[in-house]
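Chemist: The primary structure of each chain is shown beneath.
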Amino acid sequence: MFKDLSRRHFLAGSTAAAGALSLGGPAALAAEPLKVGFVYVGPVGDFGWTHGHDLGRKAVEAEFGDKVKTTFVENVAEGPDADRVIRQLAASGNKLIFTTSFGFMNPTIRVAKQFPDVMFEHATGIQTAKNVAIYNARFYEGRAVIGTIAGHVTKTGKFGYVASFPIPEVVMGINAFILAARKVRPDAEIKVVWVNSWFDPGKEADATKALIDQGCDVITQHTDSPAPIQTAGSRGVWCFGQASDMSTFAPEYHATAILDVWAPYYIERVKAALDGTWQTSNVWYGFKEGMVEMAPYNERLPAEAVADAERVRKAIIDGSLHPFTGPINDQSGAEKVAAGQTISDNDLLGMGWYVEGVSA
Amino acid sequence: MSLEVVALIILTVISAATPLLFAALGELVTEKSGVLNLGVEGMMILGAVAAFAVAVTTGSSSLGVLVGALAGMAMAFVFGVLTLTLAANQVATGLALTIFGLGLSSLIGAGFVGIPVPALPKLAIPGVSDLPIIGPLIFGHDVLVYLSLAAVAGVAWFLKKSRRGMILRAVGESDISAHSIGYNVIAVRYGAVLFGGAMAGLGGAFLSLSYTPLWNEGMTAGRGWIALALVVFSSWRPWRLLAGAYLFGGVTIAQLYSQGAGGFGIPAQVMSMLPYLATILVLTIIAAGPWKGRLNAPACLGKPFRPST
Amino acid sequence: MSLKIEARPETPRSLLYATPLLAVALTVVSGFFIFLAMGYDPFLALYHFFISPLLSLYGWSELMVKAAPLIMIGVGLAVGFRANVWNIGAEGQLTIGAIAGGVVALAFWGDETWLTLPLMCVAGILGGMAYAAVPAFLKTRFGVNEILTSLMLTYVATLFLSTLVYGPLKDPLGFNFPQSRMFGDAALLPMILEGTRMHLGTVIALAIAVAGWVLMTFTIVGFQVRVLGQAPAAARFAGFSASRIVWFTLLLGGGLAGLAGTFEVAGPIGQLIPVISPGYGFTAIIVAFLGRLHPLGIILSGLLMALSYIGGEVAQVEVGLPQAVTGVFQGLLLFFLLASDFLVRYRIRRRAPAIQAARSAQAAEV
Numbered sequence: 001m002f003k004d005l006s007r008r009h010f011l012a013g014s015t016a017a018a019g020a021l022s023l024g025g026p027a028a029l030a031a032e033p034l035k036v037g038f039v040y041v042g043p044v045g046d047f048g049w050t051h052g053h054d055l056g057r058k059a060v061e062a063e064f065g066d067k068v069k070t071t072f073v074e075n076v077a078e079g080p081d082a083d084r085v086i087r088q089l090a091a092s093g094n095k096l097i098f099t100t101s102f103g104f105m106n107p108t109i110r111v112a113k114q115f116p117d118v119m120f121e122h123a124t125g126i127q128t129a130k131n132v133a134i135y136n137a138r139f140y141e142g143r144a145v146i147g148t149i150a151g152h153v154t155k156t157g158k159f160g161y162v163a164s165f166p167i168p169e170v171v172m173g174i175n176a177f178i179l180a181a182r183k184v185r186p187d188a189e190i191k192v193v194w195v196n197s198w199f200d201p202g203k204e205a206d207a208t209k210a211l212i213d214q215g216c217d218v219i220t221q222h223t224d225s226p227a228p229i230q231t232a233g234s235r236g237v238w239c240f241g242q243a244s245d246m247s248t249f250a251p252e253y254h255a256t257a258i259l260d261v262w263a264p265y266y267i268e269r270v271k272a273a274l275d276g277t278w279q280t281s282n283v284w285y286g287f288k289e290g291m292v293e294m295a296p297y298n299e300r301l302p303a304e305a306v307a308d309a310e311r312v313r314k315a316i317i318d319g320s321l322h323p324f325t326g327p328i329n330d331q332s333g334a335e336k337v338a339a340g341q342t343i344s345d346n347d348l349l350g351m352g353w354y355v356e357g358v359s360a
Numbered sequence: 001m002s003l004e005v006v007a008l009i010i011l012t013v014i015s016a017a018t019p020l021l022f023a024a025l026g027e028l029v030t031e032k033s034g035v036l037n038l039g040v041e042g043m044m045i046l047g048a049v050a051a052f053a054v055a056v057t058t059g060s061s062s063l064g065v066l067v068g069a070l071a072g073m074a075m076a077f078v079f080g081v082l083t084l085t086l087a088a089n090q091v092a093t094g095l096a097l098t099i100f101g102l103g104l105s106s107l108i109g110a111g112f113v114g115i116p117v118p119a120l121p122k123l124a125i126p127g128v129s130d131l132p133i134i135g136p137l138i139f140g141h142d143v144l145v146y147l148s149l150a151a152v153a154g155v156a157w158f159l160k161k162s163r164r165g166m167i168l169r170a171v172g173e174s175d176i177s178a179h180s181i182g183y184n185v186i187a188v189r190y191g192a193v194l195f196g197g198a199m200a201g202l203g204g205a206f207l208s209l210s211y212t213p214l215w216n217e218g219m220t221a222g223r224g225w226i227a228l229a230l231v232v233f234s235s236w237r238p239w240r241l242l243a244g245a246y247l248f249g250g251v252t253i254a255q256l257y258s259q260g261a262g263g264f265g266i267p268a269q270v271m272s273m274l275p276y277l278a279t280i281l282v283l284t285i286i287a288a289g290p291w292k293g294r295l296n297a298p299a300c301l302g303k304p305f306r307p308s309t
Numbered sequence: 001m002s003l004k005i006e007a008r009p010e011t012p013r014s015l016l017y018a019t020p021l022l023a024v025a026l027t028v029v030s031g032f033f034i035f036l037a038m039g040y041d042p043f044l045a046l047y048h049f050f051i052s053p054l055l056s057l058y059g060w061s062e063l064m065v066k067a068a069p070l071i072m073i074g075v076g077l078a079v080g081f082r083a084n085v086w087n088i089g090a091e092g093q094l095t096i097g098a099i100a101g102g103v104v105a106l107a108f109w110g111d112e113t114w115l116t117l118p119l120m121c122v123a124g125i126l127g128g129m130a131y132a133a134v135p136a137f138l139k140t141r142f143g144v145n146e147i148l149t150s151l152m153l154t155y156v157a158t159l160f161l162s163t164l165v166y167g168p169l170k171d172p173l174g175f176n177f178p179q180s181r182m183f184g185d186a187a188l189l190p191m192i193l194e195g196t197r198m199h200l201g202t203v204i205a206l207a208i209a210v211a212g213w214v215l216m217t218f219t220i221v222g223f224q225v226r227v228l229g230q231a232p233a234a235a236r237f238a239g240f241s242a243s244r245i246v247w248f249t250l251l252l253g254g255g256l257a258g259l260a261g262t263f264e265v266a267g268p269i270g271q272l273i274p275v276i277s278p279g280y281g282f283t284a285i286i287v288a289f290l291g292r293l294h295p296l297g298i299i300l301s302g303l304l305m306a307l308s309y310i311g312g313e314v315a316q317v318e319v320g321l322p323q324a325v326t327g328v329f330q331g332l333l334l335f336f337l338l339a340s341d342f343l344v345r346y347r348i349r350r351r352a353p354a355i356q357a358a359r360s361a362q363a364a365e366v
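Chains as they are written, first to last, in our numbering: chain A, 1 to 360; chain B, 1 to 309; chain C, 1 to 366.
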């Protein structure tokens, strides 16, 4: 079932595309625009995950103008409805279709079998096919940066994490955060509250309050709404934006944000499709490729925190630092990863255990 | 746990319970008149978006609150026309109202995503509000919280003591008799339905202007349904509704706190079930206990009435 | 001389069929202006909403796939609604049914036989029934309102499913993602139309609606349900047990919802995932009332409701209509349909008859 699990970087993409541009001229210049479809799991107005993907879609429109025509379907339930929506997009002439939630994996694969001429791109999945590429972002790199800042600014050494569901992506983010924070503040610990929703501003705000009341003086989140930021800001506690720059919701305490930057990848893939050089791929891009970025650092942050954060970010980019480098202990204190070793991409993608310092 | 923390927890519970209290109190009055409006979620979210849009555009949160209530009322009016004037089925109309409200709210709110709005002003009485613990607990809320409490007292008085309240209850208990004595059943019910809409709109306004001062699509996240359940839970008594809303808010917050405290090894999902299970349990105890709290559902609840005059 | 509204002593057949058409026509007209005002081509939008999903066999098959759970649940709920038993927790019963059926499929995983699928269905029915038994027990034993308990249990069911797919039922080779293994082929419903997703469950759903009609029209239980709903006093006088009817209707509704849940996981989904139903249990309540609580009417209303969802998707894809507009449009359609019932039950005349309430006429209609 899981055919291609190695994460090959698709670096050749843009050069190959540039080379093919002249060759593919006649086809690309034909009157018909390339129809590109997007399937969203939430509303475009969520200001989080789906909003980020929709910015990518708009960037595609801006980049290619009338050479493309984009369509999106929002609020698609992860179930039988997804099959139908994806199929509808394919049947209506969309040649490149981005499905932007893990739960769309099996529907995407199923529909892709029926439409061998249509190119599919599935976000955060683990299964490729001849016409299904997968892509994901190394958000954990951003978590390492904000964890570093958290280590510097905390007084109590307790962090609060407002979390959605214990999927590997979230578990990985929690671990990356505390590992980085503990390098600065070895006794730091992290309290996780699960709100069992990606999106419930009220509950996210309440969870934030609960964490602050229990002594956490840095708040971070893996849910979609800006409510935790707003609450943390009003209580005078440092916090980090999720998916987009949320500084307007807590100008004084929004330290920075991990930004989802899908636009360059979407542009690259649409270009490949236009040029006829598209092929399946499996990418997991991070800081280096620009799929993950940091929002501007808050001016009120201590200089050494910003400097250290930048050091971590640059070290991740030049490859000298991997956030999951041993020694790493699990929650019980037993060594999971030996000194000097790193956790493989495959193990990260299926991460189901917590490191020392996490109380979840 | 220090007293300050306890006070903070109570504050959190109060703000979590207030939107539920508003919406449920309105629905209670609606149901007392014999009308079941399942569209609370739809009225609430339209109130939320209307309040937010007006507060952002005009810069006045109080105007926002007012428009939020009016928006809820407008939705309730649609419900009234269908179920009262045209005698359409109330259950189905209420559900349709929710679908309609969720759609309309995201249309209106499309331009307001990601914009912050200043939170509603807190009641700040110099000297008193700064008292430790007591200060924030009693004087630290925004106006809407006090309004919600006043509304409970007001509704309780209205239903029990006032003449109009008696007519409203009579209409809910026996519309045919009320009609034959000469009361205008439809007019009374319109009044109750509109009041319910205004209160749901206020609950929504509290969500988008105070609880989490922002607009996000679908931000009511099912609170309208909880409000409906609370009405049944309260067995249509305003003070019991207050207790129910605070209890539900309390259990919800308690499970978040206990997760933060380590969760006692219980899966988070199981913790999240607690408010719902607690509600069922408490209701069963009320119904089965020695004091035998009568459920006193209005006898005409959900039944259409059309005088053929 | 003034206009008077009065209940119709009986409804002409023609009106019964004409009013839904009138409602659709009104929706089309108002939709036309909404789409026009929002800058979309109204003809194209309406075409994709109502017509284009029906132009192919595939379209019809999808309509059936979407309508099947609505019809099954709607028929079960309608029986209860007729007896004034307000089960609004079908969503939870569906979820528990899906879990029960799914657990059987996973227990047999790798060793499926021809018995697997029937066992799954039985487990799904029993699961849904067991879950509906909780409000039934609390109502008949303690007098606890079933609206509240069944609704609260829906949240509990969803969280329970979540506990399972994040825990014991997680696919051991699935990278810790919250989903079970894919069911084996023998645990999946057979397809009845090549190249589509039309599974055996869609036909069973239609058969269930017909059976529901037979039950309500020709059996003693059906008679008791109707009497209890229309005239509780008469039912008591005749010695019908109200408790028995509460149990019967809740178990029937729960069982059908549970079966619908099993059909979803054994049909279009093929595994257990954190959320099984996009609100079928709630939508089915609308379907039941739009179908005037009549099993055969529910087939039509289920199909119409399914069309409004699918049409909304198609309009998003083809016209770029935002989903919010779809919701507003769907709301309007329902408003008009519900309002049009008025014409079925009342007539406008120019005479002043004696003042009387019209409850009985309506009860007979509903």
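Note that these hints are calculated values from the structure, not bench results. Since we're looking at a predicted model, the values are computed, not measured. Do not rely on the hints blindly, as some may be mistaken.
[Unchecked claim] What follows is a set of in silico ranges between Cβ atoms, one per label pair, in the way DEER data are often shown:
| no. | chain 1 | residue 1 | chain 2 | residue 2 | range |
| --- | --- | --- | --- | --- | --- |
| 1 | C | Trp109 | A | Lys130 | 35 to 45 angstroms |
| 2 | B | Val282 | A | Glu335 | 21 to 31 angstroms |
| 3 | C | Gly195 | A | Gly93 | 13 to 23 angstroms |
[As the list claims (entries may be wrong)] Covered stretches of chain C (in silico footprint by chain A; criterion: 3 or more residues with CB under 8 angstroms from a CB of chain A, positions within the stretch not fixed):
| no. | stretch |
| --- | --- |
| 4 | 155-166 |
| 5 | 265-274 |
| 6 | 315-322 |
Every residue, glycine too, gets a C-beta built ideally from N, C-alpha and C.
Chemist: For each hint, tell me whether it holds in the structure or not.
Modeler: These are the hints, each one checked on the structure:
1. C/Trp109 / A/Lys130: 35 to 45 angstroms: Distance hint for tryptophan 109 of chain C, lysine 130 of chain A is violated at roughly 28 angstroms.
2. B/Val282 / A/Glu335: 21 to 31 angstroms: violated, 48 angstroms
3. C/Gly195 / A/Gly93: 13 to 23 angstroms: holds, 19 angstroms
4. 155-166: holds (count 3)
5. 265-274: holds (count 7)
6. 315-322: Three-residue rule met by the stretch 315-322 of chain C, so holds; n is 5.
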